[in-house]
Structures are given as C-alpha cells and as structure tokens.
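Enquirer: I would like the entire structure built from these sequences, with the hints used as guidance.
One letter stands for each residue in the lines below.
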Amino acid sequence: MSEVGDAGPVLEVVDLVKHFPAGGRITGRGSAVHAVDGVSFELERGEILGLVGESGSGKTTVANCVLRLTEPTSGTIRLRGTDITHLSRRQMRPRRRELHMVFQDPYSSLNPRMTVGDIVGEPVRLHRLARGRALDARVAETLDAVGLRPELRYRYPHELSGGQRQRVGLARSLILNPSVLVADEPVSALDVSVQASILNLLRDLQRTMGFSCLFITHDLATVEFLCDRVAVMYLGEIVELAPRAELFRSPQHPYTQALLSAAVVPDPAVQRERRQVVLDGDVPSPLAPPSGCRFHTRCPLHEQSAPASDEETPVLREFAPGHLVACHLVGPGRPAPRLVEDAAAIVEAG
Amino acid sequence: MPQPLLEVADLSVRFDTDDGVVHAVDRLSFTLGEGEVLGIVGESGCGKSVTCMSLVRLLPETARIAGRASLDGRDLLAMSPRDLRRVRGRAVSFVFQEPMTSLNPVFTVGRQVTEVLRRHLDLSRAAARDKALELFRLVRIPAPERRLEEYPHQLSGGMRQRVMIAIALACDPKVLVADEPTTALDVTIQAGILDLMRDIRERLGTSIILITHNLGVVADLADRVLVMYAGRKAEEAPVRELFAHPQHPYTIGLLGAIPRPYEGEEARRRLQEIPGRVPSLRELPTACAFAERCPRADELTRTQVPELREIRPQHWVACFHPGENGAA
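Protein chains in written order, with the working numbering: chain F, 325 to 674; chain W, 3 to 330.
If you're looking for bench data, these hints aren't it; they were derived computationally from the structure.
Every residue gets a Cβ at the ideal spot worked out from N, C-alpha and C, and that includes glycine.
Label-pair distances were calculated between CB atoms; the ranges are:
(1) W:Glu268 / F:Asp339: 29 to 39 Å
(2) W:Glu268 / F:Ala454: 37 to 47 Å
(3) W:Glu268 / F:Pro645: 19 to 29 Å
(4) W:Asp12 / F:Glu597: 31 to 41 Å
(5) F:Tyr480 / W:Glu36: 45 to 55 Å
(6) F:Pro418 / W:Glu268: 39 to 49 Å
(7) W:Asp201 / F:Asp339: 38 to 48 Å
(8) W:Arg113 / F:Tyr431: 30 to 40 Å
(9) W:Glu152 / F:Glu395: 26 to 36 Å
(10) F:Pro345 / W:Asp74: 50 to 60 Å
Residues from chain W that keep clear of chain F, each with C-beta distances beyond 10 Å, as calculated:
(11) Met55
(12) Pro83
(13) Asp85
(14) Gly91
(15) Arg139
(16) Arg311
If the Cβ cut is set under 8 Å, some of the chain F residues that face chain W in the computed set are:
(17) Ser379
(18) His542
(19) Ala593
(20) Val602
Expert: Next comes the structure, spelled out in structure tokens:
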C-alpha cells in the first residue's frame, strides 16, 4: 500500500475551523456555532489516534470535515501530502479510495434494499476497479477478513444482528484498502459482548492491513484499549494530545484530569476508593464560547490560572516530548497541579 | 433478617404477538430491602426493563404477567387499577434513560413537577411550588427559582435528568426504578448523577433498582447485583462478591468483554468475546439459555434447565458448571 517517497503523516489537519451559522431569520445575522476552533493534528502512518470528548466538543465535526462531508470555514486538510480542503467533488472522487468511514449506527448506515454482497462490493464498482468474478472474489475475501460467513452476502441488512451489520460496515470501508479509516463511535450502539468482538476485530485488521485510523469516541476505556495517541477535545478545541500511556499516567489539563477521574471502573473495590472531580455547571454554549481558556468557567484550578485564563487563549505547548497541553498552568516540564491522586496509585490500591 | 420491602416470586412475562408468544421474563424471583440498591444487569432484550415495568403494569395489553410481587406486604399484581394508580409515581417511581423524551416539551419543568405533587399529594398551588423548589434543591439544580420557569429544551441533558429525578422523588417513593439513568449522559455528568443517587439513598432511605448494561455504574452504586440473561436470572450476589468471584460463564464473559481504564498495558489485552447471539425468546427453552454460547456446555446443559443454587454465601448461580475460571 505504501508508495515510494511517501513519508510524513498520512493525514494532516492544520488550524481547522468550522462555524455553523445560527440565528438568522429572527435574531438577525452575526451569530455562529463555534463547533471547531483551530484544531491541528497529524495522523501518522499505521497509527490509531483517538479523538475524545463529550457531546458538543466538536469531535464529529472534525471527522466530517476530514471526510469532506462538511465544508470547513478555514484551515487545511492534507491527505498524503495533497491539500484536499478545497477539492471539488469530482476532484475528490479518486481520493475517496484513500479515505473511508465507519458510522455509529449499523442500522441506519446500510441500505436496506441492497444485499450484503452489493453493499460491500459497491466501492469497488463505483471506482471501477473490478467486476464479475474478480469483484465476487474480492467481496468474499473481505467478508472473510471481517469474520462473516460467505453465504451472508446474499442476505439483507435486516436479517443480520447489530454486530454482523457493523462488520458489514467495516468490510465496506476496508475493501479498497484505504490509508485512512475514520470511525465515529463505531461500537457505542452495540451490546457489551458484541462491542468486544468489534474492537478486537478493528485492532486485528489495523495490524494486518496497516491503515491509519481516526477513532472518535467518548469512552476512555475504549481509547486505552485501542489507540496509540489520544487527543482530548473541549468545546471545539484540542486541550491535550499525548501518547496513550502518557495521557493515562500523567494527564495534565484540568479537564483531562476531570474526565479521567469521572470514568467508572468496573470493579467495586477500585471504583469505591476513587476520588472524582465533579465539574461545576454545564458546558458553555458554543454560540458564545468563554473568552480566554474555554474551560475557565468550570475549571477547578481557576483561582490559580486567573486572570490569564480569562483573557488569553492558551496555546497547545509541548509539556513533555510528544505531550501537548493547552493550559496556562502547564509549561515545558512544569506539570499542572493534581486534582486527584495519580490514577496508577488508585489501581494499586485495588 | 427483616422483611424485604419488595418481594418478587416466580415472575413471568409473556407477550402475545402475531408470530407467537415471546417469553420476555421467565420465573424470576428477587427481593429488594429497605434502602438497598439492587443492580439489574444484562444486555438488550434480557428482560431487565420489562421486569420492572411489569411490577406496576406499565406494559401494553399484550403482556401476560404471572407470579407474585408484593410491596410492603401488598400484592401489586392483584391490585385494582385504581389502587395501582396510587402506587405508581407514589410508592414506586421511575427514571428513564432519555430525559428529553420523558419530559413534556410544551410545559415548564416547574409545572411538570407541581402536577405530580398536586395530583398525588393534593397540595395547593403555592404549597406545590414550595415543595418543587425544595425538590430542585435536593437534586442540586442551581438557581432553582429560575429553572422552575424554564422549558425542557432550555436545560442541558444532565439538568433534565435531575428534573426527572426530582419528579420521581416528589411523593417520597419507597422504590425508585432507575432504568439506564446515565446512559444518554456524558461521563462528567454521569458522575454527578450517580453521586446524587447515592446521596438520595443515604438521606431519604429510598430503595433503588438500578437497571443498566454498564458494569462500571453497577460497581459504583449497587449493593447487590442480579445478572439476567434471556429473561432469566443467571447469577445474583453482593456487588463485591460478584466482581471478585463471578461464577456464571456469562457473567465472566461480560466482565472480560469490557475494556478497563487505568490498567496500562494490561488494558491492551485481547477482549473476551462471547460467540453467537442471544437465543430467540419465542419458545420456552428446555435447556440452559446460555448453552449455545457457553464454553462449558455439555449434554446436561443442553437438555435441562439449571436451577439456582447458593454456592457461596448469598451468591446464587443458575449453572451446572459454576466456577471462577475458564473451564470447570
């Protein structure tokens, strides 16, 4: 799959901004939902990057911009070195082979009138890469790779279980051997036991096929299981980006710390000993995000970070190699105060 | 041991459908003590919600309910519709998963809280408003006076769920049934709601039935856990006992299937998969419902229904081959 002289990140996102116009007819002009505000990251070859955040953090909008399903307000998206930000649909078409997606809901993302075989083979047909026997063989091979029996190709989506449908979605996304897979909450609609098999499968496929993956989720446990690096989003911005182990061992941004402390651990002996940071208030409206640091209205460390955090927007800076944090309290080699004891220490107590 | 508050024995719920009978719940028995939090865990379709809805007959006409269920010594299943209306919302109240669809969008939340108070407690308008304010403070809604005047769409998901809990607590219920109360919420909001439920149990002594598929939520809040599979009880134990010494292969499978945070490289281990799928509930099984998917299944498992046995103190398992490790 890799081409000669094709070094560098597979996907680069630079200063991505997406504002949705709001208000309008009644309130007049001028207001906009700041869904994504200045997000930058790189997706390396063969890497799984987790994009974590709560609802309204803008993670799905980032994915939609990357996939060119939404037109970004500004910023640049480069796929294997090519700027795809302003390509027309026609120019984009050949590049879609490189970039595929898996959706959250396996019930609504498959065409109910097509058989599984047609659904999985459709990308190949659209790109005119194979037909007839060659197409059949390719579909069979892909179904096998995602663990579906060959006879399922004649079935319709409604005849399949949720897990099987998500496997069909994966097969459709991977049949063209894309270099980037964007997966938006691919397991959150599934039952626990089914989730496990899809997560295992995704990891196995990534290892054998070597694609890069932008994995969008709200679930931290899934991130720790699957991802190599993690970007944490809050209100349209990346507040922290770090290698997985580093992020869980030493979260810096107060929001990341709160998020990690709020996750429930499925073990009463551990869970009941943990201390949680309860954040005050609600997520502010993306129509009028707070000035300065967007987290300052809920930040437990606000007293220490004020007044800088009320006025100046913190930039993502390197706290340790590969570990970026956007917080006034964090600088190179200068960690943020701990909100709760070390996560690792809590585990040892259990 | 004191008399349990709620006692359910041999509860079965069938639905008559065009395609035949669906056995949603099959001979389920459990108890709920005063001030206890009972977690009911299982995957979609295992009958956990139907069980609780059947107790106050909130199910459609096609449901056939058999068995016994008594609350404070009164038989719920034999009660007249009139008496039952007094039980609903008063002795037993519900909090559902999706707070947006449970609230009426065209009335202020204050009106929806006072409606319950005036209907069940016969309070005057002013008294109901005072009580509503008190409830909003109890569920820690900031600026309660202002919030009372707002409509559901003006509140965040977490606030709506707090309003739902306030409504559920309006008549000081004995039993609060929380059906996936945090599933639709973000993790930081979930933490606050779980905290609130813990607080309610401690301050008001309310018994809680916590229905969820999230084992982390159960680990956080429940005293005792009941694991359901295909309409039956697979396992039941005090919470620490269940997580430390799971016996039923299904419970062990569920615990192995979830990724766990904070375990470093250990968290990267392969997740345990449960092969196959949930059996159809169309016929009464004559075998262990989990047999098709069970690594321990044998001739016995496929031909007989396992009875519940107490294999450790207060730890009940419906399995012919219980045990903590892979193979028994």
